[in-house]
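Chemist: Sequence:
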Amino acid sequence: MFRMTNKNSNNNNFIKDIQNLLKNFMEKKQVSDFNERVLKKYGITIKQPDYLSETDKKQLEVKFTPAKERMELDRAITFAEKNLEHEKYTDLLLKFGQLCISHGKYNLAEEILNKAKKLNRNEKKSAEVLLGLSNLYARITNFEKAILYAKKSQKIFDKINDKLGLAKCKNTLGTFYAELGNLSKAKKLFEESLSYLDQNEHLLMSAMLYQNIAVIYSIYKNFELATEFFQKSLTNYEKLNEPLKIAEARHNLAMVYMDQQYFHSALNEIDKSIEISLENGFHSLLGLSYLNKANILSELKEWKFANAFADKALEVTHGTDDKLTIADIYKIKGKLEYYLGNFDLAENYLLSSLRINKKYKNQMNIAETSLELAKVYDSLGKDSERDVFLDVALQYYKKINAQEQIEEIIFLKKSVQQPVN
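Residue 49 in our numbering sits at position 49 of the sequence shown, and the numbers go up by one each step.
Simulated from the structure, these hints should not be mistaken for laboratory data. Using N, Cα and C, we set each Cβ at its ideal position, and we do this for glycine too. Careful: at least some of the hints might be erroneous.
In the BS3-like style, the derived pairs of lysine-lysine whose C-alpha atoms are separated by at most 30 Å in a straight line are [stated by the list, open to error]: (1) K187 x K323; (2) K301 x K414; (3) K117 x K152; (4) K58 x K323.
Just the calculated beta-carbon pair ranges, DEER-fashion [stated by the list, open to error]: (5) D158 x E279: 37 to 45 Å; (6) T235 x N161: 28 to 36 Å; (7) E85 x L345: 33 to 41 Å; (8) N20 x L300: 37 to 45 Å; (9) N348 x D259: 51 to 59 Å; (10) R121 x N161: 13 to 21 Å; (11) I410 x L225: 35 to 43 Å; (12) E299 x Y220: 17 to 25 Å; (13) E224 x E279: 48 to 56 Å; (14) N161 x K88: 22 to 30 Å.
Please model the complete structure; the sequences and the hints are all you need to start from.
Modeler: What follows is the structure, encoded as structure tokens:
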């Protein structure tokens, strides 16, 4: 699974980020007392394989259980409200909301952004708050609300003729349609967004669009163009010293290498991405990276090792409540159980994944999971069930002209397996 782009190693990073935001809005003397407060770290352990490199051990031992940042954030907001003028205070609320999203604290983000929406009196800032809410609702898989708020934001940016704001809205909408499997519409929106920008001036926004266009090329198996656009995005991110975006770009390069069966190159890139996420606390991306490391390891037939990283992905992702990633984790666990010959358990995981993907109308993931279910039923000799799921997958892959998957489905349709005793 690639990461589209539209920030989480330990809980203390969140507190430090709160403090740094306050420093940007207040005099140093005003926040000196506040900056002394630091929360304790705590967490749980997870069962590990017996053989671990130092890199893998570090990745699996990091803790992700909930922390008590709520009190710290409430104090920061109260402190800011008493010490800042109205406009600066509402600006800070927007920054706090964005910070909470980047750290996977979505309930807090929703509360803060709605407060900013209510208090804001500036059209441009109102559009930015709406776009923040749009990104938030996408993270919790409420795409109906996400699209609604993105379009409201776009309407305001269009009214005030803010080209950069319009580019951000079209990019955001593109990521939503890509998540929902409408790749042609997503690509069109990304290209429209890029047309609004001076690419030499807006390095960050351009890099985000290069990355998203690269994801589309990757899905279409055009690996040459995908790699070219990912490298362009990575170059910009490194110029700007954007650790989250660098981690995303390396994560996505790993996926391109995996699709080409360059598994050790893929592991190298995914480990670089995980290292950055661990250092900076990028939990949302980290959950996805653990998941895709499990995918890579499964391709190398390291089943138990892959399962450890799938479980770690589930631990991280339940904390951020990223339902589509949870569905992907169930899918990889279903594939692992299939490889191990545990067909009933594989079926259960894959049906769980399918249920979530159907709920959120993710057509691409529905097709991928249906194909995996068809393989399970093929191994069990259940031809009618197999063909039902093959037809579901085939319909989508024909729509996006995915020849590799189409050929695999045609082959499975022709195969005949004896039932497993």
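Chemist: Which hints, by number, does the structure contradict?
Modeler: 7, 9, 11, 13
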